[in-house]
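Participant: Residue-level listing of the chains:
There are 2 protein chains.
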Amino acid sequence: MGIEIERKFLVKGDGWRSLGSGTIYRQGYITTENKINTVRVRLIGEQGYLTIKGKTTGATRAEFEYPIPKEDALFMLENLCDHPLIEKTRYKIKQGELIWEVDEFMGDNQGLIIAEVELEQENQAVELPNWIGQEVTGNLQYHNSNLVKYPFKKWKDEHR
Amino acid sequence: MGIEIERKFLVKGDGWRSLGSGTIYRQGYITTENKINTVRVRLIGEQGYLTIKGKTTGATRAEFEYPIPKEDALFMLENLCDHPLIEKTRYKIKQGELIWEVDEFMGDNQGLIIAEVELEQENQAVELPNWIGQEVTGNLQYHNSNLVKYPFKKWKDEHR
Chain A
1 MGIEIERKFL VKGDGWRSLG SGTIYRQGYI TTENKINTVR VRLIGEQGYL
51 TIKGKTTGAT RAEFEYPIPK EDALFMLENL CDHPLIEKTR YKIKQGELIW
101 EVDEFMGDNQ GLIIAEVELE QENQAVELPN WIGQEVTGNL QYHNSNLVKY
151 PFKKWKDEHR
Chain B
1 MGIEIERKFL VKGDGWRSLG SGTIYRQGYI TTENKINTVR VRLIGEQGYL
51 TIKGKTTGAT RAEFEYPIPK EDALFMLENL CDHPLIEKTR YKIKQGELIW
101 EVDEFMGDNQ GLIIAEVELE QENQAVELPN WIGQEVTGNL QYHNSNLVKY
151 PFKKWKDEHR
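Protein sequence lines, in the order shown, are assigned to chains A and B. FYI, UniProt numbering numbers position 159 of the first sequence as 159, with every residue one higher than the one before it. FYI, UniProt numbering numbers position 151 of the second sequence as 151, with every residue one higher than the one before it.
Don't read these hints as lab results, they were simulated from the structure. Certain hints may be false.
To give an idea of the interface, some chain A residues facing chain B are shown, with a C-beta separation under 8 Å as derived from the structure [said to hold, decoys possible]:
| id | residue |
| --- | --- |
| 1 | I5 |
| 2 | T31 |
| 3 | I52 |
| 4 | A62 |
| 5 | F64 |
| 6 | Y66 |
Even for Gly, the Cβ is constructed at its ideal location relative to N, Cα and C.
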């Protein structure tokens, strides 16, 4: 079993772009109706993953991830997941001891860029790079599973 | 990817009991709100399994099953699955070329005994043993995922 402790931020400016290279992620959710647990199918290049996540408490969430065949992931993305799928480019950027994952969304979520950092403990000190903006940890609106039904392009101006 | 083609029947009498030995299955569902796909966690002895099933069409259903560590299964059964869990003894009974799986339910589903047979094709001829009763293939009420919320003991007499 895994525990995911993660803080999430909006990104400002382009200062992060030169710091890492990007990989395309394609993912979908087998269940979004039940808002507590999510079941995610993800394809990164030739490798599929199936991920179960439990309830979020603070910045902590139980997470179980299993590699699955690409063909299984493709079938599930096409036939079992809610559409539209989430497509994004993920940049991994090392800053000091931490790895930041910057997700630049495409499609209906174009314009949204989110940075995540995985921690060992909830109260761990984090030095924020200057391209990090507002913290959105725990804000369900920014959960990728919610970006399927309520993509960024539908958000009202006051939420931006 | 797998395709599950399965016919399901009620069981009558005890003629099947001497024909195979039983193993205890403990399972739960991470999602039952979305009635099309199910995500099942199962523990058989020391081995956990995670299973994704798609929409049922006739007797056919897309199915993906992955072995997972026992500890993962235990955590998910306890913390992520809807309760009560499904507990049953499964008997595997060979009759001719076919393997029948007879599930004898416990707990809130005690009294319910279902036999399933997996087929290569939907129209495959099946010789029914004399302990096989009414066919319930495609009847959602008998899906294990629905037995969590609507267990057998709550069914009205007219459904029995």
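Participant: Indicate, hint by hint, whether the structure satisfies it.
Facilitator: Taking the hints in turn, this is what the structure says about them:
no., hint, verdict
1, I5, "16 Å, violated"
2, T31, "4 Å, holds"
3, I52, "6 Å, holds"
4, A62, "7 Å, holds"
5, F64, "5 Å, holds"
6, Y66, "6 Å, holds"
Violation of the numbered hints given earlier is confined to hint 1; every other hint is satisfied by the structure.
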